[in-house]
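Number of protein chains: 2
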Amino acid sequence: MAASFVSYHVCYNTSYSIAKHIVSNLKLPKLDRSRNGSTSSVTKINAATVSSITQVTTDVHTKKEQTRQNIPTIKQFVDPHRQGLIIDNGVTYRQTVVIRSYEVGPDKTATLESILNLLQETALNHVWMSGLLGDGFGATHGMTRNNLMWVVSRMQLQMDHYPIWGEVLKLDTWVGASGKHGMRRDWELRSQATGVVFARGTSTWVMMNQKTRRLSKMPDEVKAEISPWFIDKQTITVDTLEKIKKLGDTAKYATSSLKPKRSDLDMNHHVNNVKYVGWLLEAMPDKFMDEHQLTDIILEYRRECGSSDIIQSLSEPDEDNRTSNESLSSLNGMQLKYTHILQTKGEVRNEEIVRARTTWRKKHSNMQFPMY
Amino acid sequence: MAASFVSYHVCYNTSYSIAKHIVSNLKLPKLDRSRNGSTSSVTKINAATVSSITQVTTDVHTKKEQTRQNIPTIKQFVDPHRQGLIIDNGVTYRQTVVIRSYEVGPDKTATLESILNLLQETALNHVWMSGLLGDGFGATHGMTRNNLMWVVSRMQLQMDHYPIWGEVLKLDTWVGASGKHGMRRDWELRSQATGVVFARGTSTWVMMNQKTRRLSKMPDEVKAEISPWFIDKQTITVDTLEKIKKLGDTAKYATSSLKPKRSDLDMNHHVNNVKYVGWLLEAMPDKFMDEHQLTDIILEYRRECGSSDIIQSLSEPDEDNRTSNESLSSLNGMQLKYTHILQTKGEVRNEEIVRARTTWRKKHSNMQFPMY
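Chain order of the listed sequences is G and H. FYI, the numbering for the first sequence is 1 to 372, going by full-length UniProt numbering. FYI, the numbering for the second sequence is 1 to 372, going by full-length UniProt numbering.
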């Protein structure tokens with residue numbers, strides 16, 4: 001446990017402009033070749049796995065009885081326990097999910113954090129079903145051999161309708177290329193009963209060397225693993241990326257007492273990025289949150305942080321929200337927009353963790369849930 | 001949303017000795033008869049439901065298409081989406097669960113909070129399957145008619161083994177009588193692959209009037225609904241209840257900056273009791289938590305609290321833990337015991353929320369998960 005204990009207190013300076021790097025696909029840091037060179041013996045051990053990824057079977061469980069996790073080593077098409085299927089010519093993962101009692105807030109609708117957790121879960125189960133999952137948090141065998149991990153640089157989620165406690169949903173996820181060295185992952189959340197789309201998500205991921213903490217190009221062996229899964233389909237079309245402005249300390253709303261808890265750390269020994277969203281929303285006024293529903297969030301991740309940091313969360317409504325009369329404008333169907341930032345308060349300078357833009361609409365006036 | 005907004009900021013003084021009341025089954029507050037008397041017209045509307053609870057069918061979905069939740073009105077034996085079954089002569093609920101990526105900590109084992117969430121989820125799904133679920137957080141139709149809700153007074157959880165990410169488990173839950181006016185709910189968590197029991201839980205529940213905030217006797221119509229589900233089987237036999245001593249402000253470990261977040265509220269508009277456990281453990285030293293695993297927790301709930309309270313969490317090891325040499329004693333297989341308290345810091349006096357006792361053992365020295 002020594003390793004985990006050390007990383008627990010370290011802030012990882014990943015990049016101050018991950019998103020820009022990915023979008024322009026320029027100036028990625030040099031691949032750490034000494035690290036790659038040293039892993040050739042490990043490569044041999046798993047070479048059979050890499051070559052078998054397209055082999056189809058629904059029964060490999062007997063091979064893996066010796067492990068409790070039972071991670072498949074070849075592609076699966078059905079997982080009855082996870083209620084997962086591989087569909088759409090063998091590339092999209094679909095999971096049936098039921099909204100659980102602890103995933104909803106006081107109004108019985110799923111919280112944004114619950115939705116983001118389900119997106120993460122299906123993304124990992126997609127890799128799980130692929131037979132590519134190595135010894136990491138969604139890392140493939142090839143990534144494990146190269147000491148690489150996934151880091152998210154950008155995420156956008158559009159929430160048209162919020163699922164309610166007990167509602168049955170279908171959550172689809174698939175991947176595509178993002179430039180030469182990144183990956184796009186999309187999601188669509190639908191009502192099982194009606195097929196109506198409740199939410200659409202898209203995200204951009206890059207690889208980071210776990211030891212040097214630098215971004216990495218995608219090695220050819222990883223490209224060989226994952227590119228057969230890439231499709232062009234995009235659930236949200238982003239023509240030009242809106243750059244999120246940096247909020248200053250004079251932002252209208254601020255919460256400064258946020259401190260990561262031990263239970264906020266995930267398998268990568270970092271504060272999980274879903275927790276950041278909860279902190280962003282903590283800086284919103286209670287009255288506004290009671291009366292409004294988030295319909296769109298864009299997150300630009302800048303830097304990971306460890307559990308010893310004290311986090312400040314700032315929010316500011318757009319000027320054209322007519323803040324003096326928010327209730328009226330939102331009643332009239334006008335969308336309200338906010339800019340957000342999470343940062344650590346340093347002695348010399350503040351360090352940005354994530355910037356965000358959110359869009360809100362007025363909540364339904366009663367909680368008789370409409371049919372979708 | 002007005003009602004939720006008010007309750008959001010109110011601390012509910014339920015009882016300073018709920019557990020004692022239940023165990024001795026004495027001196028429960030008077031039933032609010034004016035409330036019961038006023039609900040006779042509502043009673044008639046749902047009378048058919050009460051009489052049909054033992055009717056068996058697996059297909060009532062067509063009747064409920066108009067609702068998104070699709071809560072059954074008659075008993076179900078199978079729920080394919082929740083992966084739930086009613087077994088053991090029709091009284092025990094069994095759900096297959098897979099430990100999700102966000103339910104585990106950095107060591108890839110499920111967190112205590114995740115386990116407690118799954119216990120809550122299966123308890124509610126048990127009521128869901130029974131056809132008894134009314135318009136509340138596990139409340140039956142009869143409880144809804146009487147403005148009653150469940151409150152937990154005591155919970156004990158024994159963790160023999162912690163499940164790991166991706167592990168498939170069977171979680172059983174059933175209920176029994178606890179005195180004349182209370183209910184006991186037990187759980188057993190097993191490995192699906194081997195059948196080995198990982199955890200056992202038991203809890204005691206009483207009814208509270210939602211409007212008067214006083215404890216209530218169990219009305220006869222509620223007894224008629226739930227007593228057909230009662231069995232005597234107990235997963236943990238408690239001969240004599242150990243009384244948990246009250247920790248003073250001089251306790252060895254303390255964390256004072258705990259503040260409920262908006263997202264900590266559940267469907268009852270309270271801070272969910274599972275969150276309390278997270279706060280209790282926040283006051284434990286990091287090094288101890290890294291090296292030890294909780295094997296037993298007993299919680300005595302005293303009082304609910306709202307989101308405007310600032311919470312203090314205190315912990316103290318037992319004297320005979322030989323605190324000067326904890327590592328040695330725990331390496332020798334000795335169990336370490338702690339006493340805990342969560343309280344609000346008031347200007348005049350502190351208000352107890354929960355007392356707890358925990359037992360710990362040394363963690364396995366490496367993270368190669370053993371087979372169970």
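Keep in mind the hints are simulated off the structure, nothing from the lab. Please note that the accuracy of each hint is not assured.
In silico DSS-like cross-links for lysine-lysine, where the CA-CA straight-line distance does not exceed 27 Å [said to hold, decoys possible]:
#	chain 1	residue 1	chain 2	residue 2
1	H	363	G	170
2	H	287	G	287
3	G	246	H	261
4	G	246	H	362
5	G	363	H	246
6	G	287	H	363
7	H	233	G	261
8	G	261	H	211
9	G	108	H	287
10	H	211	G	211
11	G	243	H	345
12	G	261	H	345
13	G	246	G	259
14	H	170	G	259
15	H	345	G	362
16	G	261	H	217
17	H	287	G	345
18	H	363	G	345
19	H	345	G	223
20	H	180	G	259
21	H	217	H	243
22	H	252	G	259
23	H	259	H	246
24	G	211	H	243
25	G	287	G	108
26	G	259	H	108
27	H	287	G	363
28	G	259	H	287
Do the hints match the structure? See the list:
Between the alpha carbons of residue 363 of chain H and residue 170 of chain G the distance comes to roughly 38 Å, so the proposed pair goes past 27 Å and is violated. Annotation: proposed proximity of residue 287 of chain H to residue 287 of chain G is violated, straight-line Cα distance about 40 Å (limit 27 Å). Of the pairs offered as hints, the one joining residue 246 of chain G and residue 261 of chain H holds, with about 25 Å between alpha carbons and a cut-off of 27 Å not exceeded. In summary, the hint linking residue 246 of chain G to residue 362 of chain H is not supported, as the alpha carbons are separated by about 46 Å, beyond the 27 Å threshold.
Distance restraint check for residue 363 of chain G and residue 246 of chain H: the Cα-Cα separation of roughly 44 Å exceeds the 27 Å cut-off, and the hinted pair is therefore not satisfied. Note on residue 287 of chain G and residue 363 of chain H: the hinted pairing is violated, with a Cα-Cα distance of about 45 Å set against a maximum of 27 Å. Restraint check for residue 233 of chain H and residue 261 of chain G: not satisfied, since their Cα atoms lie roughly 38 Å apart, outside the 27 Å limit. A threshold of 27 Å between alpha carbons decides the hint, and for residue 261 of chain G with residue 211 of chain H the separation of about 35 Å lies outside it, so the pair is violated.
Taken as a hint, the residue 108 of chain G and residue 287 of chain H pair is broken in the structure, with Cα atoms around 38 Å apart against an allowance of 27 Å. A threshold of 27 Å between alpha carbons decides the hint, and for residue 211 of chain H with residue 211 of chain G the separation of about 57 Å lies outside it, so the pair is violated. Taking the CA atoms of residue 243 of chain G and residue 345 of chain H, the gap is near 44 Å; set against the 27 Å cutoff, the hint is violated. Distance check on the hinted pair: residue 261 of chain G and residue 345 of chain H sit about 21 Å apart at the alpha-carbon level, within 27 Å; holds.
Taken as a hint, the residue 246 of chain G and residue 259 of chain G pair is honoured in the structure, with Cα atoms around 22 Å apart against an allowance of 27 Å. Taken as a hint, the residue 170 of chain H and residue 259 of chain G pair is broken in the structure, with Cα atoms around 35 Å apart against an allowance of 27 Å. Straight-line distance between C-alpha atoms of residue 345 of chain H and residue 362 of chain G comes to about 36 Å, which puts the hinted pair past the 27 Å bound. This hinted pair does not check out: residue 261 of chain G and residue 217 of chain H have alpha carbons roughly 39 Å apart, beyond 27 Å.
In summary, the hint linking residue 287 of chain H to residue 345 of chain G is supported, as the alpha carbons are separated by about 25 Å, within the 27 Å threshold. A distance of roughly 35 Å separates the Cα atoms of residue 363 of chain H and residue 345 of chain G; the hinted pair therefore is violated under the 27 Å criterion. Using a Cα cut-off of 27 Å, the hinted pair residue 345 of chain H and residue 223 of chain G is violated, with the two alpha carbons roughly 56 Å apart. About 45 Å separates the Cα atoms of residue 180 of chain H and residue 259 of chain G, which puts this hinted pair outside 27 Å; it is violated.
Among the hinted pairs, residue 217 of chain H with residue 243 of chain H is consistent with the structure: their alpha-carbon atoms are about 24 Å apart, no more than 27 Å. For a cut-off of 27 Å, the pair hint linking residue 252 of chain H to residue 259 of chain G stands: about 22 Å separates their Cα positions. At most 27 Å may separate the alpha-carbon atoms for a hinted pair to count; residue 259 of chain H and residue 246 of chain H meet this at roughly 22 Å. Between residue 211 of chain G and residue 243 of chain H, the direct Cα distance comes to roughly 50 Å. Violation of the 27 Å bound is thereby established for this hinted pair.
At roughly 18 Å between alpha-carbon atoms, residue 287 of chain G and residue 108 of chain G fall within 27 Å of each other, so this suggested pair holds. With a C-alpha separation of about 22 Å, the suggested pair residue 259 of chain G and residue 108 of chain H falls inside the 27 Å cut-off, and the hint holds. Of the pairs offered as hints, the one joining residue 287 of chain H and residue 363 of chain G is violated, with about 45 Å between alpha carbons and a cut-off of 27 Å exceeded. At roughly 18 Å between alpha-carbon atoms, residue 259 of chain G and residue 287 of chain H fall within 27 Å of each other, so this suggested pair holds.
Violated hints for the displayed structure, listed by number in ascending order: 1, 2, 4, 5, 6, 7, 8, 9, 10, 11, 14, 15, 16, 18, 19, 20, 24, 27.
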